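Based on the provided sequences and hints, a complete structural model is requested.
Protein chains: 2
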Amino acid sequence: MTAPERPPTIYDVAKAAGVAASTVSRAFARPGRVNSETARRIREAAAELGYRANPIARALPTGKTSMIALVISDVTNPFHNEIIRGAQAAAAEAGYTMLLSDAQESGARERETLDRALSAVDGIVLATSRMSDSSIRTIAKQRPVVLLNRALADVPCVVTDNPRGMHHAAAHLAELGHSRVTYLAGPEASWADGMRWRSLREGAADLGLHARRIGPFAPTVAGGGAAAAEFVHHPTSAVIAYNDLMAIGFIRALTARGARIPREVSVVGFDNIFAADLVTPPLTTVAAPLHAMGLTAVRNLLAIARGAQPRAQEPVSLPARLVVRASTAQRSRNRTSPAWGTTRVSPSPSAVAAKASRSTAAGSR
Amino acid sequence: MTAPERPPTIYDVAKAAGVAASTVSRAFARPGRVNSETARRIREAAAELGYRANPIARALPTGKTSMIALVISDVTNPFHNEIIRGAQAAAAEAGYTMLLSDAQESGARERETLDRALSAVDGIVLATSRMSDSSIRTIAKQRPVVLLNRALADVPCVVTDNPRGMHHAAAHLAELGHSRVTYLAGPEASWADGMRWRSLREGAADLGLHARRIGPFAPTVAGGGAAAAEFVHHPTSAVIAYNDLMAIGFIRALTARGARIPREVSVVGFDNIFAADLVTPPLTTVAAPLHAMGLTAVRNLLAIARGAQPRAQEPVSLPARLVVRASTAQRSRNRTSPAWGTTRVSPSPSAVAAKASRSTAAGSR
DNA sequence: ATGAAAGCGCTAACAG
DNA sequence: CTGTTAGCGCTTTCAT
Numbered sequence: 001m002t003a004p005e006r007p008p009t010i011y012d013v014a015k016a017a018g019v020a021a022s023t024v025s026r027a028f029a030r031p032g033r034v035n036s037e038t039a040r041r042i043r044e045a046a047a048e049l050g051y052r053a054n055p056i057a058r059a060l061p062t063g064k065t066s067m068i069a070l071v072i073s074d075v076t077n078p079f080h081n082e083i084i085r086g087a088q089a090a091a092a093e094a095g096y097t098m099l100l101s102d103a104q105e106s107g108a109r110e111r112e113t114l115d116r117a118l119s120a121v122d123g124i125v126l127a128t129s130r131m132s133d134s135s136i137r138t139i140a141k142q143r144p145v146v147l148l149n150r151a152l153a154d155v156p157c158v159v160t161d162n163p164r165g166m167h168h169a170a171a172h173l174a175e176l177g178h179s180r181v182t183y184l185a186g187p188e189a190s191w192a193d194g195m196r197w198r199s200l201r202e203g204a205a206d207l208g209l210h211a212r213r214i215g216p217f218a219p220t221v222a223g224g225g226a227a228a229a230e231f232v233h234h235p236t237s238a239v240i241a242y243n244d245l246m247a248i249g250f251i252r253a254l255t256a257r258g259a260r261i262p263r264e265v266s267v268v269g270f271d272n273i274f275a276a277d278l279v280t281p282p283l284t285t286v287a288a289p290l291h292a293m294g295l296t297a298v299r300n301l302l303a304i305a306r307g308a309q310p311r312a313q314e315p316v317s318l319p320a321r322l323v324v325r326a327s328t329a330q331r332s333r334n335r336t337s338p339a340w341g342t343t344r345v346s347p348s349p350s351a352v353a354a355k356a357s358r359s360t361a362a363g364s365r
Numbered sequence: 001m002t003a004p005e006r007p008p009t010i011y012d013v014a015k016a017a018g019v020a021a022s023t024v025s026r027a028f029a030r031p032g033r034v035n036s037e038t039a040r041r042i043r044e045a046a047a048e049l050g051y052r053a054n055p056i057a058r059a060l061p062t063g064k065t066s067m068i069a070l071v072i073s074d075v076t077n078p079f080h081n082e083i084i085r086g087a088q089a090a091a092a093e094a095g096y097t098m099l100l101s102d103a104q105e106s107g108a109r110e111r112e113t114l115d116r117a118l119s120a121v122d123g124i125v126l127a128t129s130r131m132s133d134s135s136i137r138t139i140a141k142q143r144p145v146v147l148l149n150r151a152l153a154d155v156p157c158v159v160t161d162n163p164r165g166m167h168h169a170a171a172h173l174a175e176l177g178h179s180r181v182t183y184l185a186g187p188e189a190s191w192a193d194g195m196r197w198r199s200l201r202e203g204a205a206d207l208g209l210h211a212r213r214i215g216p217f218a219p220t221v222a223g224g225g226a227a228a229a230e231f232v233h234h235p236t237s238a239v240i241a242y243n244d245l246m247a248i249g250f251i252r253a254l255t256a257r258g259a260r261i262p263r264e265v266s267v268v269g270f271d272n273i274f275a276a277d278l279v280t281p282p283l284t285t286v287a288a289p290l291h292a293m294g295l296t297a298v299r300n301l302l303a304i305a306r307g308a309q310p311r312a313q314e315p316v317s318l319p320a321r322l323v324v325r326a327s328t329a330q331r332s333r334n335r336t337s338p339a340w341g342t343t344r345v346s347p348s349p350s351a352v353a354a355k356a357s358r359s360t361a362a363g364s365r
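So the sequences go chain by chain: A and B. Using full-length UniProt numbering, you'd call the opening residue of the first sequence number 1 and step up by one each time. Using full-length UniProt numbering, you'd call the opening residue of the second sequence number 1 and step up by one each time.
In case anyone wonders, no lab produced these hints; they're calculated from the structure. Some hints could be false.
Identical chains blur together in the list; that is why a pair holds if it fits in one copy or across any two.
[Stated by the list, open to error] Calculated pairs, EDC-like style, for lysine to aspartate or glutamate (alpha carbon to alpha carbon, straight line, at most 20 Å):
1. 64 <-> 115
2. 15 <-> 48
3. 141 <-> 48
4. 141 <-> 93
5. 141 <-> 206
6. 64 <-> 93
7. 64 <-> 175
All of these numbers come straight from a predicted model, not from anything done at the bench.
Written out as structure tokens, the structure reads:
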């Protein structure tokens, strides 16, 4: 057994090349300057020894770690996969290493894990953050931050064009003859959720649509199931879900109750996640440019970290498009109350009460 | 505007508390020792200033960064989501930060990105690595490594019990009356693929099963489609796919050609990814304990990093179970050649040739 | 227990 | 262009 392999340092290279350490350092600083005989010797020696600059040691004097953090509200959500990939690609292309941290849908956890990593990174992208505005601002004061799928004044953001996306969805539904649409709300802490609902509410009138909201629900398949349980008490012929996962869960639950999708209920999701195309029926959904978002967010972050002015207060808005698949259809003409409605669930007094209070709430909002 | 916010250092705390820097350092080293009046003062001062130890600076003298790297062959593959979550959880619970790097199914890229991060981490978990054995060994010589879903002598590994998993799948198929099964092979560089095929081939005889393999194909939905295109030239009533993604793609492609799943072809996948339960028909699959694997891998890694003996040469094997859903069924009795077979695709000479050579290959292997 | 001093591996002024 | 000299913020002997 040889001695414990200590990686070669800059000094080892310096000695081997017969130059000062600082000279070695310079040679690695701007690989553009190639020629000088000395530089060549240094390279050679470095290669010989298998020298690789220690990024940690380098970070100390410079303050730059060449690492960025990507914080995700929930790694388990397939929505994030392409974002992660895009972010990673942008980081790699710039020679940066990416930290990934999963907030597990908890703003508190998000803060905590971030606190630990904060001083180890040159910048942070917060994807669908569940943190409070003030927490985000606090972070942003210490490191460059770009927000993904959330907007906050004075913090650079990249978002999908939710208003237009929602408009496409609503217009599609209106065109199919629907006149009442239910929005299945996502987490209250979700900026995108607020954005989507607002866009729907504001745009509905012009399309001759009456929009209502129920929720909030967890942005998951289970959440969609919960939404369905509530939905049956006051169904509409069209539904827009906060995201695909919910849409999928909703469809499953409704189908289990005997409903026919899309014949009886048309549903559209958001995000166009991987599974959207695989479920039955394939999901009509507002597709977000996931990969591009990850890419853009990181690129902007790095630009800022390099000193670029965080341009404009306006969030960078990436276009969303509607992917029409089979979960939406012409509204059926017969208005008979569906068999899968309240008849299936025994109409307990509480359900009736809930129904009453809820419609009130919807009206007053 | 105040001066550029420089985070407080240990010296700031030291001065505020009226002690030496080394004393502050100690106070943070073992938070167990609480009492001493001095310690209290230090805590107070630190809290006051909002001091947080700089992990980079700490890493330099100690050589410990409190970071680990998780390398994933393809973040885009939903298979990894739960693994990532599990790994992240284990890292967080131990106060570690996790680097995530996406190898994009390329062994070369994997090496490269790893080289950059290597000296910044205390350990590495390689999930479904596509690197060569020798590359892995080289890495393992420099930092603690644990392999996920791959086994390599002298390197700690955690794997799912592929042999048993495959046995369950094969037995299930045999029980349903199938006698010939086709294995859709995954990437050649995949250790799990070799493992699965070998397990099937070796176990088939005892179950009265004849096993054949086609491929390799990409471990994706598209790869499954490719597999289907080849499969129709010499169909069997049962198929086992390298993973769920391929199984899904396979089913889709075959369905598009008019085949009925599972009536005409039973298919089982591997991994039980999120979407497996959502597709039509829901996929029968060998479920890997994804979350537990991520968790276990990281825990073992950290134990080793802390000096534990990488116990045993034996890989840690986590149990797999068969989740029976609707993509498998009793073998149908009528042996009529299916309509979706070669009739649909014009039986070009090359296809025939391919068929011949392939069955030879299968026999000789 | 606490303080002083010497680095960890690298970069960043300065001089020559 | 190269060498010298200080540090970056923290830990760690070694005295006290």
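Status of each hint after checking the structure:
{"no.": "1", "hint": "64 <-> 115", "in the structure": "both (17 Å within a copy, 18 Å between copies)"}
{"no.": "2", "hint": "15 <-> 48", "in the structure": "within (13 Å within a copy, 46 Å between copies)"}
{"no.": "3", "hint": "141 <-> 48", "in the structure": "between (44 Å within a copy, 18 Å between copies)"}
{"no.": "4", "hint": "141 <-> 93", "in the structure": "neither (26 Å within a copy, 27 Å between copies)"}
{"no.": "5", "hint": "141 <-> 206", "in the structure": "neither (41 Å within a copy, 66 Å between copies)"}
{"no.": "6", "hint": "64 <-> 93", "in the structure": "within (17 Å within a copy, 27 Å between copies)"}
{"no.": "7", "hint": "64 <-> 175", "in the structure": "neither (54 Å within a copy, 61 Å between copies)"}
Hints 4, 5, 7 from the list above are not met by this structure, while the remaining hints are.
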